[in-house]
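Peer 1: So you can see what is in the structure, the chains are spelled out below.
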Amino acid sequence: MGLLLDLFWSFVKIGLFTFGGGYAMIPLIERICVDRKEWISHDEMTDVTVIAESTPGPIAVNCATYVGLKKKGLPGAAAATLGVIFPSFCILLLISFFFDRFLEITWVASAFRGIRIAVGILIVDAAFRMLKKTPKKPASIGILLCAFAAMLLIDLFSLHISTIVLMLMAAAVGLIVCLVKWQTEKGAEK
Amino acid sequence: MICLELLFGFLRIGLFSFGGAYAAIPLIREVVLSYGWLTEEKLSDMIAVSESTPGSIIVNMATYIGSAQAGVPGAVIATLAVVLPAFLIVILLTVLLKDLTKNSVFRFALGSMKACVVGVILATGVFMILTNCIGSVWGVSVDRATILMTAALGAVYFGSRKIVKNGISPILLICLAGAAGVFVYGR
Numbered sequence: 001m002g003l004l005l006d007l008f009w010s011f012v013k014i015g016l017f018t019f020g021g022g023y024a025m026i027p028l029i030e031r032i033c034v035d036r037k038e039w040i041s042h043d044e045m046t047d048v049t050v051i052a053e054s055t056p057g058p059i060a061v062n063c064a065t066y067v068g069l070k071k072k073g074l075p076g077a078a079a080a081t082l083g084v085i086f087p088s089f090c091i092l093l094l095i096s097f098f099f100d101r102f103l104e105i106t107w108v109a110s111a112f113r114g115i116r117i118a119v120g121i122l123i124v125d126a127a128f129r130m131l132k133k134t135p136k137k138p139a140s141i142g143i144l145l146c147a148f149a150a151m152l153l154i155d156l157f158s159l160h161i162s163t164i165v166l167m168l169m170a171a172a173v174g175l176i177v178c179l180v181k182w183q184t185e186k187g188a189e190k
Numbered sequence: 191m192i193c194l195e196l197l198f199g200f201l202r203i204g205l206f207s208f209g210g211a212y213a214a215i216p217l218i219r220e221v222v223l224s225y226g227w228l229t230e231e232k233l234s235d236m237i238a239v240s241e242s243t244p245g246s247i248i249v250n251m252a253t254y255i256g257s258a259q260a261g262v263p264g265a266v267i268a269t270l271a272v273v274l275p276a277f278l279i280v281i282l283l284t285v286l287l288k289d290l291t292k293n294s295v296f297r298f299a300l301g302s303m304k305a306c307v308v309g310v311i312l313a314t315g316v317f318m319i320l321t322n323c324i325g326s327v328w329g330v331s332v333d334r335a336t337i338l339m340t341a342a343l344g345a346v347y348f349g350s351r352k353i354v355k356n357g358i359s360p361i362l363l364i365c366l367a368g369a370a371g372v373f374v375y376g377r
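Residue numbers (the working numbering), protein chains in the order written: chain H, 1 to 190; chain Z, 191 to 377.
Among the hints, erroneous ones may be present.
[Said to hold, decoys possible] Here are the computed lysine-lysine pairs in the DSBU-like style, where the Cα-Cα straight-line distance is at most 35 angstroms:
id: 1; chain 1: H; residue 1: Lys136; chain 2: H; residue 2: Lys71
id: 2; chain 1: H; residue 1: Lys71; chain 2: H; residue 2: Lys133
id: 3; chain 1: H; residue 1: Lys13; chain 2: Z; residue 2: Lys355
id: 4; chain 1: Z; residue 1: Lys232; chain 2: H; residue 2: Lys133
id: 5; chain 1: H; residue 1: Lys72; chain 2: Z; residue 2: Lys352
id: 6; chain 1: H; residue 1: Lys72; chain 2: Z; residue 2: Lys232
id: 7; chain 1: H; residue 1: Lys137; chain 2: Z; residue 2: Lys355
id: 8; chain 1: H; residue 1: Lys133; chain 2: Z; residue 2: Lys292
id: 9; chain 1: Z; residue 1: Lys355; chain 2: H; residue 2: Lys132
id: 10; chain 1: Z; residue 1: Lys292; chain 2: H; residue 2: Lys71
id: 11; chain 1: H; residue 1: Lys136; chain 2: Z; residue 2: Lys292
id: 12; chain 1: Z; residue 1: Lys352; chain 2: H; residue 2: Lys13
id: 13; chain 1: H; residue 1: Lys136; chain 2: Z; residue 2: Lys355
id: 14; chain 1: Z; residue 1: Lys352; chain 2: H; residue 2: Lys133
id: 15; chain 1: H; residue 1: Lys37; chain 2: Z; residue 2: Lys232
id: 16; chain 1: Z; residue 1: Lys292; chain 2: H; residue 2: Lys70
id: 17; chain 1: H; residue 1: Lys132; chain 2: Z; residue 2: Lys352
id: 18; chain 1: H; residue 1: Lys13; chain 2: Z; residue 2: Lys292
id: 19; chain 1: Z; residue 1: Lys232; chain 2: H; residue 2: Lys13
id: 20; chain 1: H; residue 1: Lys132; chain 2: Z; residue 2: Lys292
id: 21; chain 1: Z; residue 1: Lys352; chain 2: H; residue 2: Lys71
id: 22; chain 1: H; residue 1: Lys37; chain 2: Z; residue 2: Lys292
[Unchecked claim] For the chain H half of the interface with chain Z, some residues (derived, Cβ under 10 angstroms), not all of them:
id: 23; residue: Met1
id: 24; residue: Ile164
id: 25; residue: Ala172
[Stated by the list, open to error] Label pairs and their calculated CB-CB ranges:
id: 26; chain 1: H; residue 1: Arg36; chain 2: Z; residue 2: Met191; range: 42 to 50 angstroms
id: 27; chain 1: Z; residue 1: Asn293; chain 2: H; residue 2: Gly142; range: 21 to 29 angstroms
id: 28; chain 1: Z; residue 1: Ser331; chain 2: H; residue 2: Lys132; range: 31 to 39 angstroms
id: 29; chain 1: Z; residue 1: Leu290; chain 2: H; residue 2: Ile176; range: 29 to 37 angstroms
id: 30; chain 1: H; residue 1: Leu159; chain 2: Z; residue 2: Gly325; range: 18 to 26 angstroms
id: 31; chain 1: H; residue 1: Leu131; chain 2: Z; residue 2: Thr229; range: 23 to 31 angstroms
id: 32; chain 1: Z; residue 1: Thr229; chain 2: H; residue 2: Arg129; range: 23 to 31 angstroms
id: 33; chain 1: H; residue 1: Leu74; chain 2: Z; residue 2: Ala341; range: 24 to 32 angstroms
id: 34; chain 1: H; residue 1: Gly2; chain 2: Z; residue 2: Met191; range: 36 to 44 angstroms
id: 35; chain 1: Z; residue 1: Ser350; chain 2: H; residue 2: Ala188; range: 44 to 52 angstroms
id: 36; chain 1: Z; residue 1: Phe373; chain 2: H; residue 2: Leu168; range: 39 to 47 angstroms
Just so you know, these hints were derived from the structure itself, not from any lab. These numbers come from a predicted model, not from an experiment. Each residue gets a CB set at the ideal place from its N, CA and C atoms; glycine is no exception.
Same shape as in the complex, but just chain H:
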C-alpha cells in the first residue's frame, strides 16, 4: 500500500510541476524515478522513452504506466497513471467552470485573438522540430510531403477524410517499401 501511495504521489508531483506536455516531463520523471527513488535504471528510462515514442497516447501516461507496472504490477500502473493525470483533471475542470464567462470580458477576448496567432506559430514550430528528427530517406520525405499536401486539401475543401486514414495509408506504404527492400536484398544475394 505504501509503495502504491508513493507511486501515486510522485506522479501527482510530476503532473503538477511540468508545463508544456509530455516531452517536457521526461527530465522530471527521470530525476524522480531514476535518481531519487531508484524505481528504474537509466537503461530502463531509455526503454521508457522508446516505448512512449512508439505507442499512442499522452507521453506522460505511457511513462507512468511503464514505471508503475515495473514496480508494482497492474495496481502500480493504475496508481501512477491516475497520479499523473490527477492535477490536469482538477485544474482544467476548475477552468472549464468559468472559462466561457472569462472570454466574454472584452480585453480577455482581444488577448485570446492574439494568443491564437501564437498557437499557430507553436504548431508550425512543433512540426519543424519533428521534421528535423525525421530520417532523410526518400520514402519518409515522400510520405511527409504527400501527407502535407493531402491534409492541406482536406482542410481547404473541408473534406471528410480522417487523418487516421492518412496514417494507415502511410503505414501500408512503409510496409510495402520494407517488403520491396527485402526482396531486392534477397535478389542481390542470389
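Go by the hints and put chain Z onto chain H.
Peer 2: Same frame as chain H, but now just chain Z:
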C-alpha cells in the same frame, strides 16, 4: 448519448496520437470539429490554455472538453477514455510483446506513420495561420493587423533562439501574444 460520443471520440484520439501533444492536435481538431464540441477559435484558445497549465496537453484538453460538454461525468469519461488506450498498450508491450519495438517491420510502419504525422501537423499549423490572417479561406478578407502580428511574433519566437540558448518558452510567447492582442485588437 453525449457521454457515449465523448467516450468514442476520445478513445479514437488516445489510440491514434503518436509522438506527443502537438502530433495529436490534427486528430483532436478533426474529432472536436466533427462533433461540434468546439469552434475553430475556441479550439485554438484551449490549446493555449492546455499548454500554459501543468500536465499533459492531451489530458488537459480532454478534461476541459468533457466538462464543457457534460459536466463532471463528461470530464471523467473524456479523461479516462483518452488515457485508456495508452495504458493498455504499454501494458501489452511490456508484458507480452517485449521485442516488438525492436522489430524492423514494426519500426518501418511506425516510421512512416510518424513521417505522415509531421506532414499533417505542418499542414494544420499552416492552415490555422492562414485562417487567422485571411478569415475563412474562401471568403478572403485580408486582416493586416493579424498578418503583422504573425510576422512579428514569429520573428521574436524564432529570432530569440539566435540570442538565448533555447529561445523564449511557449508560455512566454503565449503571454506576449496575449498582451499584443489586448493592445492591437482591444480598441
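Peer 1: Of the numbered hints stated earlier in the document, which are not met by this structure?
Peer 2: 1, 5, 6, 15, 21, 23, 29 and 33
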